[in-house]
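Participant: Residue strings, one per chain:
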Amino acid sequence: MSTGEQVNGLSEGNLRRIEERKARYPQPQAVLLEALWMWQDEHGWISEEGMRYIGDLVGAPYHHVLGAVTFYTMFNRKPVGRHKLEVCTNVSCMLRNSERILRHIEDRLQIKTGETTKDNRFTLVEAECLGSCGTAPVMQVGDRYYENLDTSRVDKILDDLK
Amino acid sequence: MEPLLLPPIPEYHRFDVYEAHGGYAMLKKALSMKPADIINEVKASNLRGRGGACFPTGLKWSFMPRESAKPKYLCVNGDESEPGTFKDRQIFEHNPHQLIEGTVIACFAMGIGTAYLYVRGEYKHWIDLVQKAVDDAYAHGYLGQNILGSGFSLEFVLHRGAGAYICGEESALMNSLEGQRGYPRIKPPFPAQNGLWGCPTTINNVETIANVPVILHIGAETYAKIGAPRHPGPILVGISGHVNKPGVYEMPTGVPLLDIINSYGGGVPGNKKIKAVIPGGSSTMVLRGDSLEGVCMDAESLKAAGSSVGTAGVIVMDEDTDLVKVLWRITHFYRHESCGQCTPCREGTGWMEKILKRFVDSDGTYADINLLRDIADNIEGNTICALGDAAAWPVQSMLKTFRGEFESRVTK
Chain A
1 MSTGEQVNGL SEGNLRRIEE RKARYPQPQA VLLEALWMWQ DEHGWISEEG MRYIGDLVGA
61 PYHHVLGAVT FYTMFNRKPV GRHKLEVCTN VSCMLRNSER ILRHIEDRLQ IKTGETTKDN
121 RFTLVEAECL GSCGTAPVMQ VGDRYYENLD TSRVDKILDD LK
Chain B
1 MEPLLLPPIP EYHRFDVYEA HGGYAMLKKA LSMKPADIIN EVKASNLRGR GGACFPTGLK
61 WSFMPRESAK PKYLCVNGDE SEPGTFKDRQ IFEHNPHQLI EGTVIACFAM GIGTAYLYVR
121 GEYKHWIDLV QKAVDDAYAH GYLGQNILGS GFSLEFVLHR GAGAYICGEE SALMNSLEGQ
181 RGYPRIKPPF PAQNGLWGCP TTINNVETIA NVPVILHIGA ETYAKIGAPR HPGPILVGIS
241 GHVNKPGVYE MPTGVPLLDI INSYGGGVPG NKKIKAVIPG GSSTMVLRGD SLEGVCMDAE
301 SLKAAGSSVG TAGVIVMDED TDLVKVLWRI THFYRHESCG QCTPCREGTG WMEKILKRFV
361 DSDGTYADIN LLRDIADNIE GNTICALGDA AAWPVQSMLK TFRGEFESRV TK
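Keeping their order, the protein sequence lines are chains A and B.
If you're matching positions, the first sequence starts at 1 in the numbering used here and goes up one per residue.
If you're matching positions, the second sequence starts at 1 in the numbering used here and goes up one per residue.
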């Protein structure tokens, strides 16, 4: 999603939604995480420009926004591939061979965990518990959970993610 | 026991289906009751929080000031990030209206005008499902201004997190909701006096709130007789790891762990022996597989066994499991999730992870075993919030219960 190009602001729709959301809290800063989500959805990652822009929108100084963006692990602080593969390796997934899933993806994509493929299609990261322990091993791609993974299922999923 | 939290009714998540099966009748009943009577009913039911601490819910509600010049808030905690826990997600998916109904009843009882449901960022799909239910409830007058002409109004706001285990800690959750880093706050003051934006606030777990309509429906007396007398009610137990049928199962409290594993969970694959069980999410003390006889899924029984009920996330490990590696992975998690405010937790979790990695690589020493124990002991009780304890307990209990596993990795 990220192109690295300079993109200004948020869409009209999101700006309107932010104003609507502010009305639901006594202080506008409560909308910070949601506004950051919107920025990330539109731009793929959160740049310094984005943090300053969002800070102005919700009435928070840059250092405060930076503090939040660096605290919450789901915010991308650098560009990522079109599909961010987040493979859970916490205990319940580990007991059901999540390590093999992770190694399989690394081998197939020829990248290490934490890296992005040269064609910018995939970024692979290790995730903490995703709350899907009964259907382990699991990985999250965007908003979607892929559960009960095995290597052949992973191959199919990767083929389908263009 | 007939399921009360996750009834096996097709499409129960839909507003029309929920209502057709008696849904929102308890909201109507509650609006005709005196708020204090609702709190007394919840007290009498002996419902204890399902988020890990097992605190009596009615008592917590009674801490809220009746009269307040400031607004009052309810936070429903759907951060669900404790490893081994995946139960609230079932409520979001299959029974969101019962959660909404319970929220309205709780807010009416405490005189609260705004409820925030905080859900972990990863659960975007489930947030969308719950938002649909919330929209339907608004459209039918069960949320919003002047609910069913009662004069009582409630705003219900869904709030999405962005990836931080610590935000399941109630004071971190409030900071996160206010748009800050999820740093836990020093207590006292407690949320009932000084919570969100300095206003009186109650924080309850999703499953706890979903129990509230049940209590009004069957009555506190009947509810209090379900399961274990001192920790009664239905409970959602998540079973994961080495079992044939992992998943979330509703059952009364007090079911023996061995029944949970062998009947609900379908036993261990290959009929292997159970080496270890973590009974209530990764923060709870590990139990030996050969010491499970008579141990039940309720607060008192698990306490007596040296552990706790936590979030009822049962992680089963068979005889071939490398427990050293398991503990290293658990400690890696707490190191990753430590918010960094308190030195013992921030530094200690990192040291424990590094030492445990040595054992994973069969490069530990006897001195390391004592050092690990020493670090854990110095984290426990010395931090603002319970994450420090949660990081220390698995280390302490694993070293105590399975010391031989670590000694066998000592090479010098």
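Don't take every hint at face value.
Said to hold, decoys possible - Listed next, the in silico DSSO-like pairs over lysine-lysine satisfying Cα-Cα at most 30 Å (straight line):
#  : chain 1 : residue 1 : chain 2 : residue 2
1  : A       : K118      : B       : K124
2  : B       : K303      : B       : K225
3  : A       : K84       : B       : K412
4  : B       : K325      : A       : K84
5  : A       : K22       : B       : K124
6  : B       : K43       : B       : K225
7  : A       : K84       : B       : K132
8  : A       : K78       : B       : K187
9  : B       : K357      : A       : K112
10 : B       : K272      : B       : K245
11 : B       : K325      : B       : K412
12 : B       : K225      : A       : K22
13 : A       : K112      : A       : K78
14 : B       : K245      : A       : K162
15 : B       : K187      : A       : K112
16 : A       : K22       : A       : K156
17 : B       : K303      : B       : K272
18 : B       : K412      : B       : K303
19 : B       : K70       : B       : K28
20 : B       : K325      : A       : K112
21 : A       : K22       : B       : K70
22 : B       : K412      : B       : K354
23 : A       : K112      : B       : K400
24 : A       : K84       : B       : K400
25 : A       : K156      : B       : K43
26 : A       : K84       : A       : K118
27 : A       : K84       : B       : K225
28 : A       : K22       : B       : K412
29 : B       : K357      : B       : K412
30 : B       : K34       : B       : K272
31 : B       : K325      : B       : K272
32 : B       : K400      : A       : K78
33 : B       : K245      : A       : K156
34 : B       : K273      : B       : K187
35 : B       : K28       : B       : K43
Said to hold, decoys possible - Only part of the chain A face toward chain B is listed, based on derived beta-carbon distances under 7 Å:
#  : residue
36 : Y62
37 : L66
38 : G67
39 : M94
40 : E128
These are computed hints drawn from the structure, not numbers from a lab.
For glycine and all other residues, C-beta sits at the position ideal for the given N, C-alpha and C.
Participant: Now, for every hint given, state plainly whether the structure supports it.
Facilitator: These are the hints, each one checked on the structure:
1. A:K118 - B:K124: holds (28 Å)
2. B:K303 - B:K225: Holds. B:K303 to B:K225 sits at ~20 Å (cutoff 30 Å).
3. A:K84 - B:K412: violated (42 Å)
4. B:K325 - A:K84: Given that 30 Å is the threshold and the Cα spacing comes to 27 Å, the pair holds.
5. A:K22 - B:K124: holds (20 Å)
6. B:K43 - B:K225: holds (14 Å)
7. A:K84 - B:K132: holds (27 Å)
8. A:K78 - B:K187: violated (37 Å)
9. B:K357 - A:K112: holds (20 Å)
10. B:K272 - B:K245: holds (15 Å)
11. B:K325 - B:K412: Within the cut-off at roughly 19 Å; holds.
12. B:K225 - A:K22: violated (45 Å)
13. A:K112 - A:K78: Holds, because 17 Å separates the two Cα atoms, which is no more than 30 Å.
14. B:K245 - A:K162: violated (33 Å)
15. B:K187 - A:K112: Given pair B:K187, A:K112 is violated - Cα atoms ~43 Å apart, limit 30 Å.
16. A:K22 - A:K156: violated (42 Å)
17. B:K303 - B:K272: Holds, because 27 Å separates the two Cα atoms, which is no more than 30 Å.
18. B:K412 - B:K303: Status violated; Cα separation ~37 Å.
19. B:K70 - B:K28: holds (27 Å)
20. B:K325 - A:K112: Answer holds: B:K325 to A:K112 is near 21 Å, not above 30 Å.
21. A:K22 - B:K70: Measuring from Cα to Cα gives roughly 19 Å; hence the hint holds.
22. B:K412 - B:K354: Holds, at about 17 Å.
23. A:K112 - B:K400: The given pair, whose Cα atoms are some 36 Å apart, is violated under the 30 Å limit.
24. A:K84 - B:K400: Not satisfied, since the Cα-Cα distance of roughly 40 Å exceeds 30 Å.
25. A:K156 - B:K43: violated (52 Å)
26. A:K84 - A:K118: With a Cα-Cα distance of about 14 Å, the restraint between A:K84 and A:K118 holds, given a limit of 30 Å.
27. A:K84 - B:K225: violated (48 Å)
28. A:K22 - B:K412: violated (61 Å)
29. B:K357 - B:K412: Roughly 15 Å between the alpha carbons, so the hint for B:K357 and B:K412 holds.
30. B:K34 - B:K272: Distance ~55 Å between B:K34 and B:K272 Cα, so the pair is violated.
31. B:K325 - B:K272: Holds: B:K325 and B:K272 sit about 19 Å apart, inside 30 Å.
32. B:K400 - A:K78: Judged against 30 Å, a Cα distance of about 43 Å means the pair is violated.
33. B:K245 - A:K156: holds (25 Å)
34. B:K273 - B:K187: Violated. B:K273 to B:K187 sits at ~44 Å, over the 30 Å cutoff.
35. B:K28 - B:K43: holds (20 Å)
36. Y62: violated (14 Å)
37. L66: Constraint on A:L66 not satisfied, violated at 10 Å.
38. G67: holds (5 Å)
39. M94: holds (6 Å)
40. E128: Holds. Min distance 6 Å.
Checked against the numbered hints given earlier, the structure breaks hints 3, 8, 12, 14, 15, 16, 18, 23, 24, 25, 27, 28, 30, 32, 34, 36, 37 and satisfies all the rest.
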